[in-house]
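> Protein chains in written order, with the numbering used here: chain A, 1 to 172; chain B, 1 to 400; chain C, 1 to 118.
Treat each hint with caution, since some may be false.
[Claimed, not checked] When the alpha-carbon atoms are kept at most 30 Å apart in a straight line, the in silico DSSO-like pairs for lysine-lysine are as follows:
hint : chain 1 : residue 1 : chain 2 : residue 2
1    : B       : Lys-327   : C       : Lys-112
2    : B       : Lys-90    : C       : Lys-33
3    : C       : Lys-112   : C       : Lys-57
4    : C       : Lys-57    : B       : Lys-86
Calculated directly from the structure, the hints in this document are not laboratory data.
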Amino acid sequence: MTVAQIIFLITAAVILGSAAMVVTTRNLVHAALWLIVTLFGAAVLFAMLNAGFIAVVQVVVYIGAIAILFIFAVMLTRREMNDTGPGLNKGWWLSAVTSALTFGGLVWLLQGWDGLSKVAPALGSEFDAIGALANALVSPEAYVLPFEVASVLLLAALVGAVYIAFQRKGEE
Amino acid sequence: MDFWTDPVEAAGEWLSGIFVGWGMNADAAHVLAAFVGILVLISVVMVLDIFLVWTERKIVARFQDRIGPNRLGPFGLVQPFADIIKLIIKENIYPVGVDKIVYNLAPIIMMTSVLLLWAVLPLTEFLGLDLNVGVLYLIGVGALGTLSIIMAGWSSNNKYALLGAFRQVAVMISYEIPMVVALLIPTILSGSMGINSIVAAQESSWYIVLAPLAFLLFLISATAELGRAPFDLTEAESELIAGHHIEYSGMKFGLFYASELLHTFTFGGFIAAFFFGGWQGPWVSEIPALGLLYFLAKATVGYWLFGWIKYTMPRIRIDKMMDLNWKFLVPFSFVLLMYVALMNALLAGFRATEGAMWIYTWGMFLSNILLGWITLEILRRRAHGERVKVEGAVVEAGHH
Amino acid sequence: MQTEWIYIGLFLIVGIIIPAAAIILAAVLSPYKPNPIKDSTYECGIETVGSNWVQFKAQYYIFALVFLVFDVETVFLFPWAMTLNQLGLFAVVEGIIFIGILLAGLAYTWRKGMLEWA
């Protein structure tokens, strides 16, 4: 086993473990903090895959903005620190069977796929992933239109946020 | 590898050579050598941090017309060590209802978020990682600091701590936008996100000349990010006592305090790197190690600048602070970004041609001054209008 | 895996170990004699009233939402800023359109009174 594989296994275990904690812990803020661990683990995976830009964006956007938003939302909406009541409802066995079947199906499907054992070609030391990304985003032959549409999407998100907030303010 | 051109690389190779001699494989030896190097760097940084406590106390004393610590050792230099001994042996108190794990983790993450910045701080040409996403890395590490404030405030089981933490986080995330936009401008000018490359690109002219407005923007928003006065909501003593670290004592409080000072010094370093040419200076191409001296001198000036602001300005109320950010700094920063990008593209021809470089430099400088003047004029008009409105209201109230 | 990220990982490890060591050292060296009065929370010199869980105003959430939008926008702008010197005026115009749309959003938010803290 190579060092990269060991690091991957540790990271994957941390991601899975913290994800399980997110849904099982009774304390809402703890759940948010465990979620941050999960997101950070994903950033580590991106960094391992030579996707430094995506890794940093994962931290900036998910931990720096979305996690904070979650915590603010928790503070805003709930007056109880701990969740009460049973964690499982009557249909728990149904979802257990569904997820077991999905997992089994995925394993069965991916058995014959050679992508799992493929080794990515080594990138030259001169390869500039961000430069390539930037050129793709901005140059007219590539993704200019999606780039501009992203701006419209963000505008829509902003308008939506204002709309929701407007209602919330009215309730107060 | 020549020791004088790149001592760090040379030392690393020497160290990993020793490890290989002990029968380790080459890659592992390299990683272990890097680990030792990082351990040494961070230890030096922590020692620097101890002296920053002394510097801070001396600076504030001078601003307040006092002498500051002067009893222990020459100029009171031993004072911070006495402080540390006191912090270490102070009783370990867990107030009722704290969330012990999160409570202990918060100061550690706070300090880690500052130490991580030293990975990309371009101390010299050869020391400091030229990460190709350096500028974004700076923002991402800042997110960890924000998180630690929330953790400290929430886990303390104290309303002051929670309120202080939330106000501070609201301010920090708001001021992050002008800061990121201010950092986009050196990225545009240098065409790189690596902080060491940005420094290297300032060989002919520092970015304080090419983008003075971006520097001001960065200075203001960095002060807010650092949580220093006039943006020190977190420890607005008269309102929230000590904010998110009210329930902390001993070494845990010490870590918060030390990380604030180190954070400020680090941002002094980033100001030096982004706008004052970092390790650039005379004879630096002959003796690269001289760059370290230049960098530390510039970083100290940046640190002192933050101290000057802190001890001169009164604290701003939170609603005014939010207004300043969302109604002035954010729109202004985006306008500035568009303007600088446009001017840079229009003047690019002069930059490329030999001998016309001065036109580019002066063009950028004067266009920045022009935009600054227009902004100030608009603000002046607006302020005048507001004042007339308020005075009118006062006069009217006087009549009744 | 790039070596740069190995260095960052090492920095993370050392950066956690050193402050943790400081706290552990302090915990070992310092006394620990808790009693209920010493451990009570300090709030203005009187007994703490009610739960720590105070209701926050909606403004925190709104600012976080607006911040999120602009945060994502700046992430898009970084690759754009890096290549400006190579691509020239066309890319600048693209960026100006991109920022302009978002500034319109900011103006809308302002107009709707969502940027007021009070």
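> Check each numbered hint from earlier against the structure, then list the numbers of those it violates in ascending order.
Structure breaks hint 4 only.
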